[in-house]
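Visitor: Listed below, chain by chain, are the residues.
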Amino acid sequence: MSTQLTTPTDRQSTEALARSKGEPNWLVALRGQAAELTATLPWPKPEKVKIERWNLTAVGQYEATAAVSSISELPQTVQELIAEGTENLLVQKNTGAVWSKLSSELADKGVIFTDLETAVKEHSELVEKYLFQAIKFDEDKLTALNAALWNGGVFVYVPKNVEVELPLQAVLYNDKAEATFAPHILIVAEDNSRVTYVDSTVTVKDAVTEAFTHPSLVEVFVKPGAQVRFGSVHSLGESGVDLSLRRAVVDRDGRIEWIIGDLNDGNTVSDTKSVLVGHGSTSDTKVISVGQHKQQMSLTTQAVHFGKSSDSNMITRAVMRDSASAIINGVTKIEHGATKANGVQAEKVLMLSSKARGDANPILLIDEDDVTAGHAASVGQVNPEQVYYLMSRGITKPDAERLIIHGFLAPVVSEVPVEAVRDQLNRLLERKLEG
Amino acid sequence: MSTKFVIDGLKAEIEGKEILKGINLEIKGGEIHAIMGPNGTGKSTLASALMGHPKYEVTGGSVSLDGEDVLEMEVDERARAGMFLAMQYPSEIPGVTNSDFLRSAINARREEGNEISLIKFIRQMEGKMKELEMNPEFAHRYLNEGFSGGEKKRNEILQMMLLDPKLVILDEIDSGLDIDALRIVAEGVNAMRSEERGFLIITHYQRLLDYITPDHVHVMMQGRIVKSGGPELAQRLEKEGYDWVKEELGITDETVGQA
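Sequence order for the protein chains is R and A.
Heads up: the first sequence runs through residues 1335 to 1769, numbered per my numbering.
Heads up: the second sequence runs through residues 111 to 369, numbered per my numbering.
Take these hints with a grain of salt, some might be off.
What the hints assert, rightly or not - So the derived list for chain A, only partly shown, Cβ under 10 Å to chain R, looks like this: (1) G223; (2) A249; (3) Y252; (4) L273.
As the list claims (entries may be wrong) - Estimated spans, in silico, between C-beta atoms of each pair: (5) R:K1628 to A:E178: 31 to 37 Å; (6) A:R293 to R:K1689: 28 to 34 Å; (7) R:T1543 to A:K165: 44 to 50 Å.
Said to hold, decoys possible - Negatives, chain R to chain A, calculated, CB over 12 Å: (8) K1382; (9) I1446; (10) I1729; (11) A1734; (12) R1736.
No wet-lab data here; the hints were simulated from the structure.
Note that the Cβ used here is the ideal one computed from N, Cα and C, for glycine as well.
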């Protein structure tokens, strides 16, 4: 069954909007083509989760946004994510960027950090070379929808041999269900460069009660010898559906690290994939999630090995409360010819209620003999022996359980690169675990 | 008031099998009692039942600490009332650092708003770790995760020292310890001896008692204390084993609850 989109993603109006925003012709054409395909392409089909039953069509309308002149004009929810004096910062509100700053030191080195809409105008050729190359716009209805609708977004470009010491930070938020919120994040790290990017994707909770869909794509290009750390914490509101695809293409001796916190209050599809093309390329993926109420989630990590001696490591840890359900997939694929490749994955689910559901599905697809691969998966409850041990030292039962649950998630929390985002993650965990 | 811990006719079972068949014991502040006995006679069950392990069901008798009914209390309440059990197999808790855990345990004993200051806590912890010849890095390691047997035992003693309990139960604290670690652990216990504190040491070897001299020695068989005496009893058991006790009492199988 294919769902008809009731929203205006037809070719004509999409192209008209792109033109009115002064986008280059190649992008106008791409958007138009994608808009047409949204009518016919099927939604992605994650394992055991029927997303067609979700409200996926509330993609909203384009609304022009005005830049703010000071961080203090931003909502409290956003301000608390930003440490004072943060130099390299991008803020997107609903359909567009409202704040964009890059230190002159980085700009002088040729680093680009701006919203993607600005980037397509100022660096059209550069963006054209990469946009929708890691993820094709016509893979499914989600990718086509993002191609047709994306707005605001993030573009990071790090030239050859440039090491960006401080993390580049983005905050993407929505405060209005009727406004389209469809970011596209594109990161290009040239040879032997190094960069850390961290974003928070949040809903200003009290302001948004109507249904909305957040179709978001992330593409990362890691060139030979480059290293990219990508951190992202999502906490969209209960009425939202988060559909987030992330994909990195990693060249020879390059490295991608993903640190993902899927802490939305609504239904979520999160799929994070590393394509290890080059010899000696490596990836490390860490995902945590907490599900509560009737939330349904599909959390997938993937590593595809083409390069010889490529190495991948993937960890997903989820805590499920109430009647929340999560289907957690780990896919390690080693292609023929990827000799000496090594792929390891572990999915762990902690169940805090008998009505919660958590499935951990490790999948190894291996077409080469000379490789090593490992997987571990577990679904269980808080260990009563551990609770007893902590209580025997005077710690109350609720505190003992809290310590154990936070400990379960700690390996990912401690890796988040920006302190303000780490604090955000801890606050979110506190709220989702106590609430 | 000096500590007084009284076990009266304690019976307990696990999965429907009775293991403790009526234990009587009184420990006063300043006293060290040792419970010895071969494997499978109910010694560790006694320790676990006293602390309130959920697997064990108390079916009879009473236990009191300074007049308070221990069996009515939850595990954490027993700990806050002053009981401490150094476990034979302490749990590993990934993601929770030793120091966070210790601070939570100390603060659980204090009123809200009167939590121990971080600096004072660190000073105390580091001081005690030094006494136990523990590597300072153990403060930041996850609780018991990847600790060797000896490191876990030292960590149990560290907790005992920081929590300052009234009644300490050491369950086979000497098993798996080399002679150096045994000495350090024993010194830790000896440093804690005081008129306000009672000890119950469970072991099946005499060797720990070479370092910690008990006031009373009890032999456990078939889920009961079958013989009590002074330190000389432990020495005789070390020399001659348990057969003479069995013979004297007409016991052929000393174990309890073994299928």
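Visitor: All hints, please: hold or fail.
Guide: Outcome of the hint check:
1. G223: 16 Å, violated
2. A249: 16 Å, violated
3. Y252: 7 Å, holds
4. L273: 7 Å, holds
5. R:K1628 to A:E178: 31 to 37 Å: 45 Å, violated
6. A:R293 to R:K1689: 28 to 34 Å: Given a distance of about 53 Å, which is not inside 28 to 34 Å, the answer is violated.
7. R:T1543 to A:K165: 44 to 50 Å: 48 Å, holds
8. K1382: 28 Å, holds
9. I1446: 38 Å, holds
10. I1729: At roughly 5 Å from the nearest Cβ of chain A, R:I1729 sits no farther out than 12 Å, so the non-interface label is violated.
11. A1734: Check fails; 8 Å does not lie beyond 12 Å.
12. R1736: 9 Å, violated
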